[in-house]
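*Asks:* In case you want the letters, here they are:
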Amino acid sequence: MNLWTVQTLVPLPVLVPLFAAGLALALHRHERAQRFISVAALSVAVAAAAGLVVAAHDGPVVNDLGGWAAPVGVNLVADPLAALMLLISSIMLLCVLLYSMAQGIADGDGRTVPAARGAEELRRTLQAQDADADESGRRDVLPVAIFHPTFLILAAGVADAFLAGDLFNLYVGFEILLAASYVLLTLGGTSERIRAGSVYVVVALLSSIVFLLAVGLVYAATGTVNMAQLAERLPDIDPGVRLGIQTMLLLAFGIKAAIFPLSAWLPDSYPTAPAPVTAVFAGLLTKVGVYAILRTQTMLFPHDEKLEAVLLVLALATMLVGILGAVAQDDVKRLLSFTLVSHIGYMIFGVALATEASTAAAIFYVVHHITVQTALFLVVGLIERRAGTTSLERLGGLATMAPGLAVLFFVPAMNLAGIPPLSGFLGKVGLLEAGVVDGSVLAWILVVGSVVTSLLTLYAVIRAWNKAFWQPCPDERSLPARAPIPLGMIGPTAALVAVGVSLTVLAGPLWKYAERAAVMVMDGSTYVEAVFPDGAPRGTGESNEVQDETEGSTP
Amino acid sequence: MIVLDNVPSGALLLAVGVLFAAGVYLLLERSLTRVLLGFVLLGNGANLALLLAGGRAGAPPITGVTDEPMSDPLAQAMILTSIVITLALVAFVLAMAYRSWQLHGHDEVQDDVEDTRIARLAVQDAPSYADSDAEEPAVTLDVEAEATRDEVALPDTAKATLPDTAKGTPPDTATRPAAAGERTGGGEDA
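Chains A and B are the protein sequences, given in the same order. The opening residue of the first sequence carries number 0 in numbering that gives the first Met the number 0; numbering runs sequentially from there. The opening residue of the second sequence carries number 0 in numbering that gives the first Met the number 0; numbering runs sequentially from there.
Just chain A, with the same shape it has in the complex (with noise of 0.2 angstroms):
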């Protein structure tokens, strides 16, 4: 096999942050080394997904991992879709580790655990260390030997669930991600995280169980689990049989993406976890979710307007009560995760209408707000660290103290609320376009609520910004005395608002590519040609020779 083609960019995403992290475990006392291979992983990572964004402008990239047969062997396809995920994901993961380090590197690495000598002075030395954190004032500590081997599987399992071209490989993809996301939300292990990170882990174990489930039932109904397969299998199997599979399976993501009656756990997880875990938390594990309900209900199922109507009911339902949570927040960090649930609604909007240019609109949407949430969540670590809070009645007056921050919060605030011309203007307009085209009563009710949810995030985030920037602020005394913010924080948070604000310049390719990856969802015909090339039962693989298919497998 011919190792120097385009296919053998597929794996790397995945394959490579999974070497790595083993590699940085193994080098837990070696802090550069461990630096360097992340970078290094996630740089390759980086550079593969934009390969595979060019290569799969044409049509879906397959690999047959290992040289098996599609519908029994497991295979890994970046159509434009997953390729254009996969970018902008590997884009902000490495933006955030890179804040991350310099985040160690000043506080000088939090707790640097030795060489187990017995488990009593183990733990009387992370009492004194603790004790020495405490009287320092860090309260956001990463131990690195545990985070960046954690941070690379993390990345490994988004890389996996966005590229998986079976539904098990989806599964697996998300615990692997989710069981990463575990550790990092509960990293170091103190009250206050393990309270936040009971309820997540529970109700991401529930989830993982309905979906699991659901594979159980696909494979009972149509005995395949090949997304390629089910594409054609599933519009003939029985429609109440197919009712109950993609309400199962959009529960289980929905779970995931926090869409609103499933979006409880959200807001009270996410905020208590260091800044940069809560970054790629916000920007990353709901759009996977989100990802997999377009990847399944437009791709794999057919039309099913009722579905659809419920779909466009929810979607309304979690702009409007995420937005209304965001307005009475007194914390910034909470202000973002409730703007995070509502603006979920939006790319359930595109999905539910579930025409070409919804779609387009949608997964325009998830590439702006996977960078623009993101780099909010950043700017809000920074903040904290400059004013040694991040609730709106104690802040104050920092648009004197530190200017450069004002920028960097203000740019992907109003990019967030929609202000023409950057690029969250340009996805709701897309939205709105769709909406009003397809001009059923309740497409008009949610295009209202979509400029309703619009016009409150900008109050939202008005206030944050005048509370936090322009109020003077109420108690000088509480502001930590400290050193500037590092230039390696503020370096990639800037790089990330770039990106934000380059979606704006780039808007033109990007809707085009987006259009593209959209008309492919849709169609499905050139994903199943690509899997199963010219018609074929079995796909590229090399066990071809296996005499009757049908033999022993479920019919």
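Treat the hints as calculated values from the structure; they're not laboratory data. Just so we're clear, the structure is a prediction, and the values are computed from it rather than from any experiment. Using N, Cα and C, we set each Cβ at its ideal position, and we do this for glycine too. Careful: at least some of the hints might be erroneous.
Stated by the list, open to error - Partial list, derived from the structure: chain B residues whose beta carbon lies under 10 angstroms from chain A:
(1) Y24
(2) L26
(3) V34
(4) L41
(5) G44
(6) L47
(7) L50
(8) L51
(9) A76
(10) A94
(11) S99
(12) D110
(13) D111
Following the hints, position chain B against chain A.
*Replies:* Frame of chain A; chain B shown alone:
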């Protein structure tokens, strides 16, 4: 396409149902250990369902050995994967429950801070956030999170006057071998 005898065994189907019912019941408990047991039951139920999805048991799935219909190896491969995943997650939840016990002397899942706060404000019929001109400084969520972090150990009367207890000594310091948790909340007060 050959139609195989694919009717699942009734006993197994019933077992799936029972496992799911018991699992959901336990998942709704507050103690993490019980939640964990619930998750284990649910996981086993889902695995059993996957096994049923593979159809009836048959000959070993090795080609060329027998002419009988073979078992479906794919379903079993998937179950194997999901068993391993469940094992890892069980280990993690166990560690989390143990850490919770270390910190608090129990492993109950605590209430959402925001929920308790809103419930209290609703009883007082007060606005959800303080006006910036108001004289009383508002209690931030950080302070509250610290106060509510051990609601199970707090007596009911203490809960009613949350902000005051924020700086009080936590009740059962003896059962807290590691003091790491103490340093998170309320850092701005100093």
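*Asks:* Against this structure, judge whether each hint is valid.
*Replies:* Okay, the hints, checked on the actual structure:
1. Y24: Result: violated, 13 angstroms to nearest chain A Cβ.
2. L26: This interface hint holds because 7 angstroms falls under the 10 angstroms limit.
3. V34: 6 angstroms, holds
4. L41: 5 angstroms, holds
5. G44: 8 angstroms, holds
6. L47: 9 angstroms, holds
7. L50: 8 angstroms, holds
8. L51: Constraint on L51(B) satisfied, holds at 7 angstroms.
9. A76: Since the shortest Cβ distance to chain A is 9 angstroms, the answer is holds.
10. A94: 9 angstroms, holds
11. S99: Holds, about 5 angstroms.
12. D110: 9 angstroms, holds
13. D111: 5 angstroms, holds
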